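Two chains, two frames, some hints: make the complex.
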Amino acid sequence: MIIIGEKLNGFIKSTGEAIACRNEAYLKDLIMRQKQAGADYLDLCVADGEHEADTLNWLVSLAESVCDLPVCLDSPNPETIAAVLPKCRRAGIINSVSLEAGKIETLFPLLAQSDWSIIALLCSNAGVPEHAEGRLELFERILEAAARFGIDESRLLIDPVLHSLSTEESSFLTFAACARAIRKRSPKVHIVSGLSNISFGLPARAMVNRAFLVLAMQAGMDGAILNPLDRDLMGLLYAARALLGEDEYCMDYISAYREDRFGC
Amino acid sequence: MSGIDEIASAIETGKIKLISDLVLEAVSSGDDPMEILNRGMIGAMRIIGDRFSRGEAFVPEMLISAKTMKKGVDTLKPFLSKGATSANGQVIVGTVSGDVHDIGKNLVAMMIESAGFEVIDLGIDVSAEQFMQAIQDNENVRIVALSTLLTTTMPAMRAIVAQINQLSCRNRFHIMVGGSPITEEFARQIGADGYAPDAASAVLLAQSFE
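These protein sequences, in sequence, are chains A and B. If you count the first sequence from 1, you need to add 3 to reach the working numbering. If you count the second sequence from 1, you need to add 92 to reach the working numbering.
Since the hints were made in silico from the structure, they are not lab data. Fair warning: this is a prediction, and the values are worked out from it, not measured in the lab. We put the CB at the ideal spot given by N, CA and C, even for glycine. Watch out, some of these pointers could steer you wrong.
[Stated by the list, open to error] Partial pick of chain A residues on the chain B-facing surface, computed with a CB cut under 10 Å: (1) Phe14; (2) Ser17; (3) Glu20; (4) Asn80; (5) Ala85; (6) Ser101; (7) Ala129; (8) Glu172; (9) Asn200; (10) Phe203.
This is chain B alone, in the form it adopts within the complex (with noise of 0.2 Å):
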């Protein structure tokens, strides 16, 4: 097995006591750092959330995965340009205001930040206003996404999103959302761009808007 591929294993297994011996070895061989990132990490998490959504994997083992990788990539760093690990753009997530449920948010969050985007994290119990000065504040955004889990702030969703749709930028980035009410009906009733039922799929929308 090459370096490569003993990398993308242990992401898949969550070893993550081995994985920064794994990347120093890879690297010291000669492998490409950016293929170990690409190939090695990304790759596996895919894998795994392909697993996930089929109902084979759990969430624990996304968990450790994603943990697995994060220890990986902050060992790499070093040998990788400024930025690479983040090259997909900037994702703005939040759930909307009136909620403060935050397990599914922060699950799309680790998910995305482990397919290369950076994450910026504004919480539970967000505005309009709140949204709006963030995708006002980083210039590289390209996905703002929004999680709610009540029926009853599915109306604070549309509000937000209809706001968010006033912006002169808008056409920067799009606009994904989900959360265990939410349909993909809904997602186009009130103008949001795509909509993904569970963690893994929510990377797979966020790759397939580039």
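If we strip away everything but chain A, and leave its shape as in the complex, we get (with noise of 0.2 Å):
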């Protein structure tokens, strides 16, 4: 499972004033503490719609300075990813490609000439197919698009979108069907996502996340973008796992439960 920690990210309301402000003191202490809760990677997004590429960029530096862990560069600019890739000390992930016109001729490029690695989103300029059929045309696409410029599948964390479940009853289901085509279809790919969206609108949004990552782990989803600050999400996350069998003599599970990343 990648564990994509998602607490710098400038929409969160602190995080996005200490980055402001540049707080380095906190910002470290939520580095440090992602990384010991378990996070394989740090999601930057600094939410800076004018200097987004100085912002993102300065950002990167205070994470290397802090720890080795490797970072998920978040931002819908290809451009800013481009121009912030090329410093980074260690090989990450970029988040995110889509569709979306001129994101693949930006961004894929910088793939075929590294060991990064890319979430891509199943949606276009038309938007997010409502059915998991036109995704999966999507999906298609993206395959195609990584053949050409030589990039391996196994470098491709593919999020299928997921909408919010106050506004669309089926938006699980589509997700869950879309993990299990494309797991069916490549072996090789991740299937990723976020949490949050699918509790927006609703009371106690948490619950409503953590029952998500549950149900996505056993449609195949194998990444994801996530708090792992939350101890109780971290617990349901490795138990999850040794339940569907991934996790031999739940030595995983028992590890982390003994360096404290879950329980009382």
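Shown next, in the form of structure tokens:
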């Protein structure tokens, strides 16, 4: 399971303020706590429309100064990614590409020349197709483009796109249908999602997010952008992996417990 | 409980199966169709909107109320004079170019429609040209509402508002903006007339322009 820590995101109010006033101590603490909690990557999103690349560069340097976790460069703007990626010490994940005009052409060449991986959203300029069939057509186009640029499928993290349950009752069912079909089509690609979209507009959102994680893992999701500081969520993640037969002798579950990543 | 109060209560609680019969009963017992619309329906949507803004009601409850109202309006329409359900004028809505998110925009469109406006939804990834064409094609436009979820498309919102502001017919409509990265201050800076943080507030803002 690929765990991408979500806390360094400027859309989270406290993080956004810390980024705006360059509060290094606060951000370093968030970085270290996510690492200790079991994050494999640190998502970095500065949510700064005016000086996005500069601010993101600064945040990458800060993260690299405190730990060796690879980063997940999070921007809808491919130019920002292209400006920041060459300055990163380790290969990480680009978040994200889609079939919106120009994105593949800007981002895939960066992958062809490096060891980076990439999150690919199943959407285009026409938006996100309502049904699984339409999203799977976009998935095929992503695979074709990856092959054209010589990018191995194992470097693709496909995000089938999760709409909010409050506005679309079949949201998770469509997501799960996509995940199963993608897994069947390609055993090598990864399937990822953020957890928080699903619970928009509902009370006690953490409950919905947790239920989603477990159900999505059974549908084939093997990566998530989540809050690793949520101990109950992390406990569910390790338990679900073990239940799905992906944790021999439950060793990872036991180790994570010993490392105090969950439990009372 | 009077017929109109029952209609209001059915809309507040999303009783979609009951609404048509309640409307027909109220009409046949002599209630004024305009009062059914204004007090029974639009009034009820205002109440659910207020509860939503206070965090006491949630998105699915707002959705089912709006759907109930829509069904009630369909039943009521033959008894109303033409145009009564969109008497507040036309509202153009769209997500700005470069952004394909539509959930917030759709919620705003639905709530504004429930408040007695006619909504012209241009969809996602909408260019300045498309907004301006729609403004020129619809002479009863009172409000143009722009949405974006991304920080990276805030400059596109700024550019579109700047272009719309050049139109010679600019004084016949208001511009409102919203979306998660947008603030009151940003709205003012780019020359919009107002900002709303959520769908229910967008309705209050739209009504405040009257």
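The hints, checked one at a time:
1. For the restraint placing Phe14(A) at the interface with chain B, the shortest Cβ-Cβ distance is roughly 7 Å, inside the 10 Å limit, so the hint holds.
2. Checking Ser17(A) against chain B: minimum C-beta separation of about 16 Å lies over 10 Å; hint violated.
3. Taking 10 Å as the C-beta contact cut-off toward chain B, the hint placing Glu20(A) at the interface is violated, the least distance being around 13 Å.
4. The beta carbon of Asn80(A) is positioned within 10 Å of a beta carbon in chain B (closest approach about 4 Å), and the interface hint is therefore held.
5. Hint status for Ala85(A): violated, given a least beta-carbon distance of 14 Å to chain B, over 10 Å.
6. Against a cut-off of 10 Å between C-beta atoms, the interface hint on Ser101(A) holds, since the closest Cβ of chain B lies about 8 Å away.
7. The interface hint given for Ala129(A) holds, since its Cβ lies 8 Å from the closest Cβ of chain B, which is under the 10 Å cut-off.
8. For Glu172(A), the interface hint holds, since its Cβ comes within 10 Å of a Cβ in chain B; the closest pair sits about 9 Å apart.
9. Hint status for Asn200(A): holds, given a least beta-carbon distance of 9 Å to chain B, under 10 Å.
10. Interface restraint check: Phe203(A) against chain B, minimum CB-CB distance 7 Å, threshold 10 Å, status holds.
Hint compliance for this structure: hints 2, 3 and 5 are broken, all remaining hints hold.
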